[in-house]
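Novice: Quick mapping for you: the protein sequence lines, in order, are chains F, A, L and G. Residues 1 to 94 (the working numbering) are what the first sequence spells out, left to right. Residues 95 to 251 (the working numbering) are what the second sequence spells out, left to right. Residues 252 to 394 (the working numbering) are what the third sequence spells out, left to right. Residues 395 to 502 (the working numbering) are what the fourth sequence spells out, left to right.
Hint data in this document are derived by calculation from the structure and do not stem from the laboratory. A couple of the hints might just be wrong.
[As the list claims (entries may be wrong)] Estimated spans, in silico, between C-beta atoms of each pair: (1) A:P158 / F:E55: 29 to 37 Å; (2) L:I338 / F:A4: 51 to 59 Å; (3) L:G331 / A:E116: 28 to 36 Å; (4) A:A98 / G:M397: 40 to 48 Å; (5) G:A486 / F:G52: 45 to 53 Å; (6) G:S396 / L:D316: 57 to 65 Å; (7) L:G331 / A:P158: 51 to 59 Å; (8) A:P158 / G:L457: 21 to 29 Å; (9) G:M397 / A:E116: 31 to 39 Å.
Glycine is no exception: its CB is placed at the ideal position from the N, C-alpha and C atoms.
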Amino acid sequence: MFAAGAIALLVALALALVRAILGPTVFDRLQAANTIGTVAMLMLAVLGFLTGRPEFLDLALVYGLLNVVGTIAVLKFFRHGDLGAPGEGVEPHP
Amino acid sequence: MHLASLGIVLYAFWLLLSGYFEPFLLAAGAGSALAVVLLSRRMHIVDREGHPIQMIASVLLYWPWLIKEIFKCAWDVSRIILSPSLPISPVLVRFKPTQKSQVGLTTHANSITLTPGTITVEATQDEFLVHGLTRTAGAGVIDSEMDQRVSKVEGYR
Amino acid sequence: MTRDLVLRVLGKVLIPFVLLFALYVQFHGDFGPGGGFQAGVITAAAVIFYAIIFGLPAARRFAPDRLVESMIAAGVLIYGGVGVFGILMGGNYLDYFVLAHDTVHGQERGIFWVEVGVAFTVSGVMTKVFYQFAERRRVVDEA
Amino acid sequence: MSMALDILSWFCMLAGGVFCAIGAFGLVRMPDFYTRMHAASITDTVGAWLLLLGMILQAGLTLIAVKLLMIALLLLFTSPTATHALAKAARARGLQPLLAPGEDPSKP
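The shape of chain F in the complex, shown without the other chains (with noise of 0.2 Å):
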């Protein structure tokens, strides 16, 4: 069963990764880039299932999270080429 999901999320993947070399803009590569990561977080997970070691899923919640990070830093790095730009929000106190 496990083996099966395995599988589906390989040929994601795959389709994933055509977009990502396909890709006209960058904004299509950062969105295939983002699926990939999805993809590859359950990946984990369905693997740590697939050999039994549970500990996987502690990688998987890690690469779900630097995941959204690294695509807002990407983004952020294309919007104003420069990272420490101010104000993506407004200062964090009122």
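Please build the complex by placing chains A, L and G on the supplied structure of chain F, with the hints as guidance.
Specialist: Coordinates of chains A, L and G only, in the frame set by chain F:
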């Protein structure tokens, strides 16, 4: 009050993550929760927005409805993707949400994005700009049931 | 640059949990995957996320350069301190066995403090690297 | 009972896998960036949740299930935020969406 509640939530999070109930790890968890609360205070991120305890009870009632809605829309979009003619008619829609607080607006914007077929492109206090995959999906976000439900969850004033 | 509501609220909600997760990884190094290095990286990721959302100046107010730099040094000092302490107690450099009455406890205690040192240094270095990288543009402009 | 649970969990994992693949297929098939995002959000939500639900049913009432639930919650918070940030950045960069005939692209 927000600080105390954040501390409790963080400690519960630690216990659920850890699963080891040895004295040393329990103490380490308490210390970690306290340290994180202090760090968060230093970051100025603990307030009505960063830790919205006022919404917790009502949001638990909202999520099941949202998830049901997501499944419905995902089914529709899957049919569109798999149908040979690809029957899409993308639209951009502007409308004014009824929420008053930042958290409420964020919840609404994220709910729209989570439902396949609609994506919030811009979200401000006065106006949401939504991209819909089809005309019906795009029209569906204006004065929607979701809007009313999020406003109710928000329970602001 | 307009204010981005969604990102700001997400950051405020998420960052405390990321920090706690880092500490969880730090303390459970001997039970599962993790340890000082990973904990340091996750802590730095939280600070970087904060800097991305609220801007570099806000992050610098939270973790000033001096603090970050002294964290790098403190981590190495803790690591070296454990080693030297081993010598003082009559063993070799980084000899854990002499740190407590029985060897297993000594081992545990020694590794714990070494991991603490690693976490400090790694999070400090990562944050500092990010600060330098984020500043790069402005320095180039001035030159 | 455990048989029924097994079948249910089988079904969830298979459906989740299929939804993930459909979402990724849409990512390849859709004509422009904004429509592709809709497809990707299927993978991020329904596909991922069904897979996780299948695993939760296998894990039973343990801390493993709690961690799987945390992953699902994390997705509930982060995936729409990343999608929104992407869409907003693309529009700010001047990437015009492909619209249905009869829609005015300049002033929606």
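Novice: When the structure is checked against the list of hints, which entries are broken? Sort them ascending.
Specialist: none
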